[in-house]
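Protein chains in written order, with the working numbering: chain R, 1 to 149; chain W, 150 to 298.
Check the hints yourself; a few may be wrong.
Unchecked claim - Just the calculated beta-carbon pair ranges, DEER-fashion:
{"#": "1", "chain 1": "R", "residue 1": "E20", "chain 2": "W", "residue 2": "G201", "range": "44 to 54 Å"}
{"#": "2", "chain 1": "R", "residue 1": "G126", "chain 2": "W", "residue 2": "K263", "range": "28 to 38 Å"}
{"#": "3", "chain 1": "W", "residue 1": "D274", "chain 2": "R", "residue 2": "N47", "range": "45 to 55 Å"}
{"#": "4", "chain 1": "R", "residue 1": "G115", "chain 2": "W", "residue 2": "G201", "range": "34 to 44 Å"}
{"#": "5", "chain 1": "R", "residue 1": "G52", "chain 2": "W", "residue 2": "N196", "range": "45 to 55 Å"}
{"#": "6", "chain 1": "W", "residue 1": "Q252", "chain 2": "R", "residue 2": "Q53", "range": "44 to 54 Å"}
{"#": "7", "chain 1": "R", "residue 1": "D125", "chain 2": "W", "residue 2": "G201", "range": "29 to 39 Å"}
{"#": "8", "chain 1": "R", "residue 1": "D2", "chain 2": "W", "residue 2": "N198", "range": "40 to 50 Å"}
{"#": "9", "chain 1": "W", "residue 1": "E258", "chain 2": "R", "residue 2": "P33", "range": "46 to 56 Å"}
Since the hints were derived computationally from the structure, they do not count as laboratory data. Even for Gly, the Cβ is constructed at its ideal location relative to N, Cα and C.
Number of protein chains: 2
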Amino acid sequence: MDQLDSTTVVQIGLIVKDVEKAASAYAEVFGIPKPAIVPIADDSFANTNYHGQPSTAKGKGAFFDLGPVQMELIEPVGAPSTWEEFLRTRGEGLHHIAFKTMQLEEAREFMASKGMETVQYGGWDGGQYASVDCSKQLGTILELLHFDK
Amino acid sequence: MDQLDSTTVVQIGLIVKDVEKAASAYAEVFGIPKPAIVPIADDSFANTNYHGQPSTAKGKGAFFDLGPVQMELIEPVGAPSTWEEFLRTRGEGLHHIAFKTMQLEEAREFMASKGMETVQYGGWDGGQYASVDCSKQLGTILELLHFDK
Chain R
1 MDQLDSTTVV QIGLIVKDVE KAASAYAEVF GIPKPAIVPI ADDSFANTNY HGQPSTAKGK
61 GAFFDLGPVQ MELIEPVGAP STWEEFLRTR GEGLHHIAFK TMQLEEAREF MASKGMETVQ
121 YGGWDGGQYA SVDCSKQLGT ILELLHFDK
Chain W
150 MDQLDSTTVV QIGLIVKDVE KAASAYAEVF GIPKPAIVPI ADDSFANTNY HGQPSTAKGK
210 GAFFDLGPVQ MELIEPVGAP STWEEFLRTR GEGLHHIAFK TMQLEEAREF MASKGMETVQ
270 YGGWDGGQYA SVDCSKQLGT ILELLHFDK
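One chain only, chain R, in its complex shape (with noise of 0.2 Å):
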């Protein structure tokens, strides 16, 4: 891989400290109903790593459909998580922005050749999703998220 395989972004990620508080304003200022409250990494799907490491870190999570890209609010539960130490070191604010991709191994292969390290991966019913630390390069965290269907 010399590129990734998708440019569309799918997603938008954002760190909040009250997912239920967050979630009942997007609600009220875009006039749409609030979603349900998820739980995040919280099953046997999960194997959260971070940083190389199996974590227990979870999330609360609310997810909108904003056109055609998904609004993903994270509410950091437990630590270590890149959502967690998001909140920690810069507060609220927007984490990441997702791409599929077919490939997920040879995608963080090509972005570590790059200097982007996976910072966490992990997975959920349905797909697996690496955390791609891009600051220095891109200015933010990428999220490459492979479904298995």
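The hints should help you fit chain W onto chain R, whose structure is shown.
The following block gives chain W in isolation, referenced to the frame of chain R:
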């Protein structure tokens, strides 16, 4: 207005120190052409206003189409501006998500009624924008875009 008139994210804004360098990195990682670096708020359409006062602050920008969403890279030039403030206080990172509105003044008033203040507004050859600080409520700055046509 009792809710925003669009729920579609049309742009993601990213603040960078060096837009030439960042634009080159995006082009390389995504395998897409590097766009021209263009002046932002640097013409007679700008009329930039920051916290209620005229400002001569500008920016240098690069625009990428990442699927249905435009990625705007902004290197702040001069001060004061929301771009310069963000870089100074938070460093490089994702600054805003943007939504189109047909009624910019009404949208600003609606958001102000929710405690979300316009920190900067201005225009370009084709429209007007407002940067609304929703950090406390929505965890980020929203940008409202009104296109003349």
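A quick look at each hint next to the structure:
{"no.": "1", "hint": "R:E20 - W:G201: 44 to 54 Å", "verdict": "violated (33 Å)"}
{"no.": "2", "hint": "R:G126 - W:K263: 28 to 38 Å", "verdict": "holds (35 Å)"}
{"no.": "3", "hint": "W:D274 - R:N47: 45 to 55 Å", "verdict": "holds (51 Å)"}
{"no.": "4", "hint": "R:G115 - W:G201: 34 to 44 Å", "verdict": "holds (42 Å)"}
{"no.": "5", "hint": "R:G52 - W:N196: 45 to 55 Å", "verdict": "holds (51 Å)"}
{"no.": "6", "hint": "W:Q252 - R:Q53: 44 to 54 Å", "verdict": "holds (51 Å)"}
{"no.": "7", "hint": "R:D125 - W:G201: 29 to 39 Å", "verdict": "violated (50 Å)"}
{"no.": "8", "hint": "R:D2 - W:N198: 40 to 50 Å", "verdict": "holds (45 Å)"}
{"no.": "9", "hint": "W:E258 - R:P33: 46 to 56 Å", "verdict": "violated (24 Å)"}
Of the numbered hints stated above, those contradicted by the structure are hints 1, 7, 9, listed in ascending order.
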